[in-house]
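Asks: Taken in sequence, the protein lines are chains A and B. FYI, in the numbering used here the residues of the first sequence are 452 to 770. FYI, in the numbering used here the residues of the second sequence are 16 to 119.
Any given hint might turn out to be false.
[Claimed, not checked] Here are the simulated DSS-like pairs of lysine-lysine, each with C-alpha atoms no more than 25 Å apart in a straight line:
1) A:K710 to B:K30
2) A:K509 to A:K538
3) B:K70 to B:K30
4) A:K514 to B:K30
5) B:K70 to A:K726
6) A:K538 to A:K598
7) A:K509 to A:K528
8) A:K726 to A:K710
9) A:K528 to A:K514
It is worth saying that the hints were derived from the structure and are not from the lab. Quantities reported herein were computed from a predicted structural model and do not represent experimental measurements.
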Amino acid sequence: LTHLDSSTTIPTPETARDLWLHHESTTHSLAQTLTEHLRLILAPTLATKLRGDFRTGKRLNLKRIIPYIASGYRRDKIWLRRSQPSKRAYQIMIALDDSRSMAESGTANLALKTLALIARALAMLEVGEVAVVCFGDDVKVAHEFDKPFTSDAGAEVFGQFSFQQQRTDVKRLVERSLELFQDARMNGQGRGEELWQLMLIVSDGICDSHEEIQRLVRMSQEQRIMIVFIVVDATAGQSLEQDSAEAEAKGIGQDTKEKQSILDLQSVDITTEGKVVRWRYMDRFPFRWYLVVRDVAELPGVLATALRQWFAEVVDAAG
Amino acid sequence: MNTAADGLQTKVQIKLTTRHADIELPEDPGVLLVSTSVRRYGLSSLVNSLLQTPKPTPFEFLINGQFLRTSIDDFLTANGISAESTLTIEYTRALIPPKHVASL
Ligand SMILES: [Mg+2]
Numbered sequence: 452l453t454h455l456d457s458s459t460t461i462p463t464p465e466t467a468r469d470l471w472l473h474h475e476s477t478t479h480s481l482a483q484t485l486t487e488h489l490r491l492i493l494a495p496t497l498a499t500k501l502r503g504d505f506r507t508g509k510r511l512n513l514k515r516i517i518p519y520i521a522s523g524y525r526r527d528k529i530w531l532r533r534s535q536p537s538k539r540a541y542q543i544m545i546a547l548d549d550s551r552s553m554a555e556s557g558t559a560n561l562a563l564k565t566l567a568l569i570a571r572a573l574a575m576l577e578v579g580e581v582a583v584v585c586f587g588d589d590v591k592v593a594h595e596f597d598k599p600f601t602s603d604a605g606a607e608v609f610g611q612f613s614f615q616q617q618r619t620d621v622k623r624l625v626e627r628s629l630e631l632f633q634d635a636r637m638n639g640q641g642r643g644e645e646l647w648q649l650m651l652i653v654s655d656g657i658c659d660s661h662e663e664i665q666r667l668v669r670m671s672q673e674q675r676i677m678i679v680f681i682v683v684d685a686t687a688g689q690s691l692e693q694d695s696a697e698a699e700a701k702g703i704g705q706d707t708k709e710k711q712s713i714l715d716l717q718s719v720d721i722t723t724e725g726k727v728v729r730w731r732y733m734d735r736f737p738f739r740w741y742l743v744v745r746d747v748a749e750l751p752g753v754l755a756t757a758l759r760q761w762f763a764e765v766v767d768a769a770g
Numbered sequence: 016m017n018t019a020a021d022g023l024q025t026k027v028q029i030k031l032t033t034r035h036a037d038i039e040l041p042e043d044p045g046v047l048l049v050s051t052s053v054r055r056y057g058l059s060s061l062v063n064s065l066l067q068t069p070k071p072t073p074f075e076f077l078i079n080g081q082f083l084r085t086s087i088d089d090f091l092t093a094n095g096i097s098a099e100s101t102l103t104i105e106y107t108r109a110l111i112p113p114k115h116v117a118s119l
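Excised from the complex, chain B in its bound form (with noise of 0.2 Å):
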């Protein structure tokens, strides 16, 4: 599989899901199809957007009960998935460290 040279380029539909009933999506946007390249904040940029909220909430992702902390490529790679398969992505509220708090 040589994905290194258009590795950009490279799709995957997801579905996201979540647990928690007050952070459901209004409106269920069905499986989407986005670029493998995406990370933790581009996905808590696609929720807010889903979502509409008037301020941004930073979201965690889970994918197979395992937090995502590298892109969607290199976690697939890593966990031996292909990007042929819908990938199921839970959301949850990020937990904000204390001291980032306490700056805001």
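Just chain A, with the same shape it has in the complex (with noise of 0.2 Å):
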């Protein structure tokens, strides 16, 4: 057990940049691999609805007769047509969990390895802004949407992250998320292209206050914002001993005692009169879009198919 007095804070700059250009080298092919299977999925492939004006046309727009007829018949792009897909423009927002209990179930390193592997693909892919914030008893933002995401501020982005926070807000997380999107929406570049939100949630999965974090993330998807909560499992056994050298460098500590997926993790309830309840912690995890990831390898594959699915979705839902 840890006490909350603990010392152990934010690493040195040199640490943190030894760090990321480590896990920048070891990820780099695999941050290709999710380069090109994002290139895929992120690029326009929505028929975009009709819109106006035109001369010629499929539909009347009906919001234009009046000032047509007034204007003399003049003003005649009066026609709405069904355009070619638009440019997309994306906001991408990395929340990394750096809270205790990422240092204490050893998943902080696998997390940090997660967040260069993902930072990385998405800055070749040049698809739009990307953001990291950091999270626990607050929300902090380590890197701005406005900001290009190069080495030097992947290392500077490291250099925020303790692994020392006393809890794990994860309800706080995605209220400030909303207003980081909110803000970035009305700041954002690429104006006149179409814009979409994605947060992925980097984390050991551990949360609570399940009910209201649902109430958040239903009303994420109205405002088209999505999140993919990647849970870094513990159970992530062998990658970590490889990295054990790094995570002594970076004051992560590592236990050998065994650990036990998130998967096998129970919930219990137990009630004032002393009837117990258990289930299965994931079954009712409050995010629908989830990855259980044990090593870096399987992200860029697990990604894709989570986005891709959500894509359909949006693609069905829009009719």
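From these two lone chains plus the hints, build me the complex, please.
Replies: Now the structure itself:
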């Protein structure tokens, strides 16, 4: 057991930089794979809705009829057309869990590696803006949307994680992210393009306030913000052993006691009368789109599958 | 740490152990996620449910060798332990005061 007054904090800039460069180089080919997957998925495939205003077209735009008559039939762009798929711009936020359970379960290093992989893949893809936020007790922006995600930026982001925060407030994270996305939509580049917003949460998945989170997840869906929860699983044994040197360098405690997968974790509810109800934690996980990752090598495939399914659903909904 | 407002919702991972072979759990449930508002009585109900005892037995609980006399939440605060840690909780049969036994 560890105590609150732990002095382990933020890594030095040199340590953060070394760790970033290490993860960046070891995940390089995986990042390329992910970039290729994403290129196919994120490219515009939706035939856009009918839009105005054209001199000829498929259907009349009723809003334009009265001005058309009033203008003496001169303002004649009164037709709607199904135009080419418009160029899409993306704002993608990666939220990394900085809480202490990440260090205790030994998932912090896998989480950093995941962050490096995704951030590099997105930067290579050049589909839009990438932000990184750090959450635990509170939410802090570690990299802003309007800055390019370079290698230096990566090192700087790594320098802001200590995995020592004393709470995992996912509810606050989602609330704050909705605000950040709203601001980003107002300030974002690529006006006139179709803007899509995507959030990737990287965490060990242990959080509370599930009902309130579910409500916020629904709200984000209504605002067309997709949230994918990437659970880095504690049973990521082998890959962690390889990385134990890096972990030590960063001061992330590694213990050797056997790890339990989040898939086996049980939640228990005990009423004041002493009635006990148990269920598999993941059966009531508040995020609809989640992946459980034990090895970064799995990530390009599973993340692509989740995004593909989501886009398929959005196309369905758009009818 | 502002846990006052939603303290009821805070969860902690626990691992149950015992030194007494006769009250060992028939099946290891692994790590369990429980509310930090739970007290001795609630944990006792949990162990009874895991033991599938026909007649409930009262249990006492120790965390780091200290008896749990409050909610887990208060215990963590008093001992400077974070709810981000997995707690190992040892259980043992409660010593029933003689008066209580007589009244049964
Ligand atoms: Mg945590």
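Asks: Which earlier hints can't be squared with this structure?
Replies: 4, 8
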